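Protein chains in written order, with the working numbering: chain A, 1 to 501; chain B, 1001 to 1479; chain C, 2001 to 2123.
No lab work stands behind these hints, which were simulated from the structure alone.
Nothing here was measured: the structure is a model prediction, and the numbers come from that model.
Incorrect hints may appear among the rest.
Derived list of chain C stretches under chain B, where covered just means 3 residues or more per stretch with a C-beta under 8 Å from a C-beta of chain B [to be verified]:
#1 2021-2031
#2 2063-2074
#3 2079-2086
Just a sample of chain B residues kept apart from chain A, beta carbon distances all over 10 Å, derived [claimed, not checked]:
#4 Val1047
#5 Gly1063
#6 Leu1191
#7 Arg1289
#8 Pro1364
#9 Phe1386
#10 Ile1387
#11 Met1391
#12 Ala1416
Ideal placement from N, C-alpha and C gives every residue a C-beta, glycine not left out.
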Amino acid sequence: MYAINWDVWLPLCILASSLLPGLLIFFLPEERVVMRTLLNLGGASLKLVLVGILIWGVFNGHHYEFRFSLLPGLDLVLRADALSLLFVALSAVLWLITTVYAIGYLEGSPHRSRFFGFFSLCVTATVGVALAGNLMTFLLFFEMLTLVTYPLIVHRGTQEARRAGRIYLAYTVAGGTSLLVGTVWLYGLAGSLEFTSQGFVADLVTGHRVELVIIFVLLIAGVGVKAALLPLHGWLPQAMVAAAPVSALLHAVAVVKAGAFGIVRVVYDVYGIDFAVSLGVALPLAILAAVTILYGSVRALFQDDLKRRLAFSTVSQVSYIVLGTAIVGPVAAVGGLVHLVHQGVMKITLFFCAGNLAETLGVHKISEMDGVGRRMPWTMAAFTIGAFGMIGAPPMAGFISKWYLGLGALEAGQGWVVPVLVGSSLLNAAYFLPVLYRAWFKVPAASWPAERSFGRVETSLALLLPPLITAFLSLLLGLLASAPFSPLQWVRFIITLEYVP
Amino acid sequence: MLAQSFSWQVTVIILPLVAALLCFMLPKWGRWLGLVMAFAITGSVIVLAYQVMNQGALRYAVGGWGAPLGIDLYVDGLSLLMLMVVALVGLVVSVYSMAYFKAGKAVHFWPLWMLLWTAMNALFLSADIFNLYVTLELLGLAAVALVALAGGVDALGAAMRYLLVSLLGSLCYLLGVALLYHSFGTVDIALLAERVESTPAVWAAMALMTVGLLFKTALFPLHFWLPPAHASAPAPVSALLSALVVKASFYILLRLWLEVFSQDSTAAAQLLGVLGAAAVLWGGVQALRQTRLKMLIAYSTVSQIGYLFLVFPLASLMAWQAGLYLLLSHALAKAAMFLAAGNILCFGGHDRIADLDRVAQRLPLSLTAFALAGVSSMGLPFSGGFIGKWMLLDAALQSGQWWWVAVIIVGGLLAAAYIFNVIGHSFTRAEISHEAKPVPAIMEWSALVLALAAVLMGLFASWPLAVMDIGAPFGGGGS
Amino acid sequence: MSSDLFYALTGASLFTLGLYALIKHAHILRKILAINVMGSGVFLLLVALAAGGQQAFDPVPHAMVITGIVVAISATALALALMLRLREASGLAVLPDTSPEELSEQLPEAPSDVASKNNGKNA
Chain A
1 MYAINWDVWL PLCILASSLL PGLLIFFLPE ERVVMRTLLN LGGASLKLVL VGILIWGVFN
61 GHHYEFRFSL LPGLDLVLRA DALSLLFVAL SAVLWLITTV YAIGYLEGSP HRSRFFGFFS
121 LCVTATVGVA LAGNLMTFLL FFEMLTLVTY PLIVHRGTQE ARRAGRIYLA YTVAGGTSLL
181 VGTVWLYGLA GSLEFTSQGF VADLVTGHRV ELVIIFVLLI AGVGVKAALL PLHGWLPQAM
241 VAAAPVSALL HAVAVVKAGA FGIVRVVYDV YGIDFAVSLG VALPLAILAA VTILYGSVRA
301 LFQDDLKRRL AFSTVSQVSY IVLGTAIVGP VAAVGGLVHL VHQGVMKITL FFCAGNLAET
361 LGVHKISEMD GVGRRMPWTM AAFTIGAFGM IGAPPMAGFI SKWYLGLGAL EAGQGWVVPV
421 LVGSSLLNAA YFLPVLYRAW FKVPAASWPA ERSFGRVETS LALLLPPLIT AFLSLLLGLL
481 ASAPFSPLQW VRFIITLEYV P
Chain B
1001 MLAQSFSWQV TVIILPLVAA LLCFMLPKWG RWLGLVMAFA ITGSVIVLAY QVMNQGALRY
1061 AVGGWGAPLG IDLYVDGLSL LMLMVVALVG LVVSVYSMAY FKAGKAVHFW PLWMLLWTAM
1121 NALFLSADIF NLYVTLELLG LAAVALVALA GGVDALGAAM RYLLVSLLGS LCYLLGVALL
1181 YHSFGTVDIA LLAERVESTP AVWAAMALMT VGLLFKTALF PLHFWLPPAH ASAPAPVSAL
1241 LSALVVKASF YILLRLWLEV FSQDSTAAAQ LLGVLGAAAV LWGGVQALRQ TRLKMLIAYS
1301 TVSQIGYLFL VFPLASLMAW QAGLYLLLSH ALAKAAMFLA AGNILCFGGH DRIADLDRVA
1361 QRLPLSLTAF ALAGVSSMGL PFSGGFIGKW MLLDAALQSG QWWWVAVIIV GGLLAAAYIF
1421 NVIGHSFTRA EISHEAKPVP AIMEWSALVL ALAAVLMGLF ASWPLAVMDI GAPFGGGGS
Chain C
2001 MSSDLFYALT GASLFTLGLY ALIKHAHILR KILAINVMGS GVFLLLVALA AGGQQAFDPV
2061 PHAMVITGIV VAISATALAL ALMLRLREAS GLAVLPDTSP EELSEQLPEA PSDVASKNNG
2121 KNA
């Protein structure tokens, strides 16, 4: 008999662990809550276990690769390399937590089968993006992500939700098109699209420098839409009308991350950082990222809607990843990449908390948050940890990212980055600290806009536990950054691969 | 010789013809006869496919007369794929029609549909340009009668216009046949390909035949008859017309250009490309402006047909393959869309896009079918449309004619706009609809099966591409 | 001028004449007649071209013309039947001269017989 070769099938199983439950959930009648919950959590846990096996396998020298011929010369490749493991692990962990949260959040609301079906497909696409072994596969899953996220954004069916959905599509479909053209063009020039450490373009293409610059712009514009790079960020603050779990998914687990991850892939594994520098495209990208960081923070200052403020904060924070990638130097790269994980964990905490406030008290605006810390101390404690992380206060996770970014910039001789980081941290403080002050120290208003009672706990456990876990994680990521197997150590390992001459 | 006396090529033509006659003579049994025969025809196409894949391209002389005098049936990868897509769409539409047509119209539908199937199978197997004329006429007449089936002033008027356009197109084509026969003394495509040379008579023939076929294929600006005809026909008929019938005349055009007119026609090819580009854009913009779902889908067909003509100026192997791939996936996707639209119409009694909210949330399967088919039309993954678009983009960039890239891109964005315009309307908060009428599950699943087929074409592209190479329709022929 | 060429040119002019009439006239009967004239032109041309240029008698074009006539008769029959149905329905034997946009407003609520039953009050 044939022994199943797990080195081939494991990546596919990881995809299937959310794809199949997702498809099954679509066909579940609305009232089969237990079955649906079982499928959701079962799929999410299974995926986490499989990802664990994958990581263990990679450490033990297994080479995981699934290959399937799409077109002559072009394969669909799912491969586990160091970089993809980082993203896969992040999304697997956060997906499980978000699923728990979403189950609690959507309890009793209509069309849940549809919601959780697309929810699972969304994670499938994200994992596909993470495991993509060539640009073609990346493009396929990236576009799939666009399509399956749309129903989540418009799920509530209100006028604003549909408007947000339209705007989201307008941006992402246009971005996807740009990515498509860039990819086809690159394929025509290079004849291959396989991701390789330190890039394949330099080896396969001679000359054509102008075309390569244009292709680079097309590719970055394509993935930059999802990463909310400056002129392309417009959809993200709009999309915050979606439900809190969807925001968490958009901002922390899937969409924005896929965009940032795409930029990392394009710069490192398609062009290669050295070649990107010699083309003269790395510095403009770094400047764009810096501008986005400052712009996002400034805009966040003036938002009264809590989720909108968080959304602009995402615009700013995700660009740290881009900045770290575009600054030439291993230390800065570590800072950028590790922020992929740190930002995800911290931002998801903040969105969970914002969702809790909205669900439990009907609080949507910062001006309504006076004294909310007394009513919901646990939630606000988690929020506080997340916020301090974002500001970059030691010993939080965010501090580690910023520290490496700053150090790396100095090492690479790009001193201008440091004022950007300092300025951004000050701005972060300026838009988070007043929120915290209001929540903890102001006297609460007589009544909340729409309060629901959950007995002795401040809100339902399914809503409370996820932010507490992620807040704890973001503390842990900062405190234990130098422990083995921490994301930081893992990222260092990735960077040695990208920078070894 | 046994191979001479029995041939699956003949079978796939005879079977639907017999079915048409039987359905006509036994109207009570028409539905069941039609369904059984649909399975039988599909089965024989599968056998033929198996034969062709093992033995390569096959030529069969009916009655043993041979090329110059008798009728030859020829099947290579190109015609085989056409036969197969017709069989697949035909089978699913047959199943759908079982539930769709109640007694009265079923009596007329089944004989006409089987006749249409006969004409298409014969068309794809014909090896000479005169036989192509006969099958094209047969196809046109059956299609017109099917459109008229809906009754009502709009459908009858649309059918009448369609008939006149169709006859005009055929006559232009026949005139071209006359010129070619006069010049080279044969109507056999393979012989013509050997003998053809560049003379004024050939140019005139090319112009006449191309214009005639463009009328039937509804390439911009000769598309005016298509939207009313396709939108006012009953849903299964719309599906057949949009998915298959317009592709049949395109197939003839493709054959002629590949084999007979492949020399020095660069300017004409560019012209076809420009018209195709105009169709892509015009069809897209018009689709965006429609207030009725079926009209939107019909204009989407106008737009999608435009893509097929972009391959003429590119004229590389990759481009031809891309064109055929787009054709196949469009056939599946468009049939799925029209069937889904039929379900929506059936359910709510109307197809106004702005009022879909009450309908689409209650027909999740049909909406899914529409959305998946839409994904293929937009050219997003995973779908056959994406693979076709990828190859077309690749071919356009490799030939250095980047301006077609812009057309493909804008066309895709327009498609996304009009498809999501419909889907967006289904996500409003549903109210209870009182006039709603349940749709048989089989009709919902039929639409979904076709849409899934279009999606699967995005994953399993190698096989159709390998079939395309059988007999090298795009490679050796012609020059 | 040889007689073959004369016939061929006559055929071509019949075709053109028919095309003109097809575009010009609104009444469907005239349009159908125009199509028939065009058809006759093509058949004439086919026979004339077959006679010219070749020494021996060539039967193939004659077979084609006979086939073509059969096709033309069936097409004419269908066209006439359609015209009658259209006149029954609309009272006029002209093409409904509507642009597609206008038509989309006028489409029946539900053209299929399945849907038409519950269509009564939804107009």
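Item to check | 10 Å cut-off, C-beta based - Val1047 (chain B) kept clear of every residue in chain A | outcome: holds, 27 Å
Next on the checklist: The output says Ala1416 (chain B) does not contact chain A. Does that hold with a beta carbon cutoff of 10 Å?
Outcome noted: With a cut-off of 10 Å, Ala1416 (chain B) comes too close to chain A, as the shortest Cβ separation is near 5 Å.
Checklist entry - Checking C-beta pairs, does the region 2021-2031 of chain C have three or more residues closer than 8 Å to chain B? => result Answer holds; 3 residues pass the 8 Å Cβ test.
Checklist entry - Looking at Phe1386 (chain B) again, its CB stays over 10 Å from all of chain A? => result violated, 8 Å
Item to check | 8 Å C-beta test of the region 2063-2074 of chain C against chain B, three or more residues | outcome: holds (count 5)
Item to check | Separation of Leu1191 (chain B) from chain A, once the least beta-carbon distance is taken, above 10 Å | outcome: holds, 33 Å
Next on the checklist: Is the claim that Pro1364 (chain B) lies outside the interface with chain A correct, judged by CB distances over 10 Å?
Outcome noted: violated, 7 Å
Checklist entry - Is Gly1063 (chain B) truly not at the interface, in the sense that its beta carbon sits beyond 10 Å from all beta carbons of chain A? => result Nearest chain A Cβ is 41 Å from Gly1063 (chain B), so the label holds.
Item to check | Given as non-interface: Arg1289 (chain B), which should sit over 10 Å from chain A by C-beta | outcome: holds, 17 Å
Checklist entry - Would the least Cβ to Cβ distance between Met1391 (chain B) and chain A come out above 10 Å? => result violated, 7 Å
Next on the checklist: Quick check for students: does the CB of Ile1387 (chain B) sit more than 10 Å from each CB in chain A?
Outcome noted: About 7 Å separates Ile1387 (chain B) from the closest Cβ of chain A, which leaves it inside 10 Å; violated.
Checklist entry - How does the coverage statement for the region 2079-2086 of chain C fare against chain B, requiring three or more residues with Cβ below 8 Å from a Cβ of that chain? => result The restraint on the region 2079-2086 of chain C holds, since 5 of its residues have a Cβ under 8 Å from chain B and three suffice.
The structure fails hints 8, 9, 10, 11, 12 (numbered hints given earlier, in ascending order).
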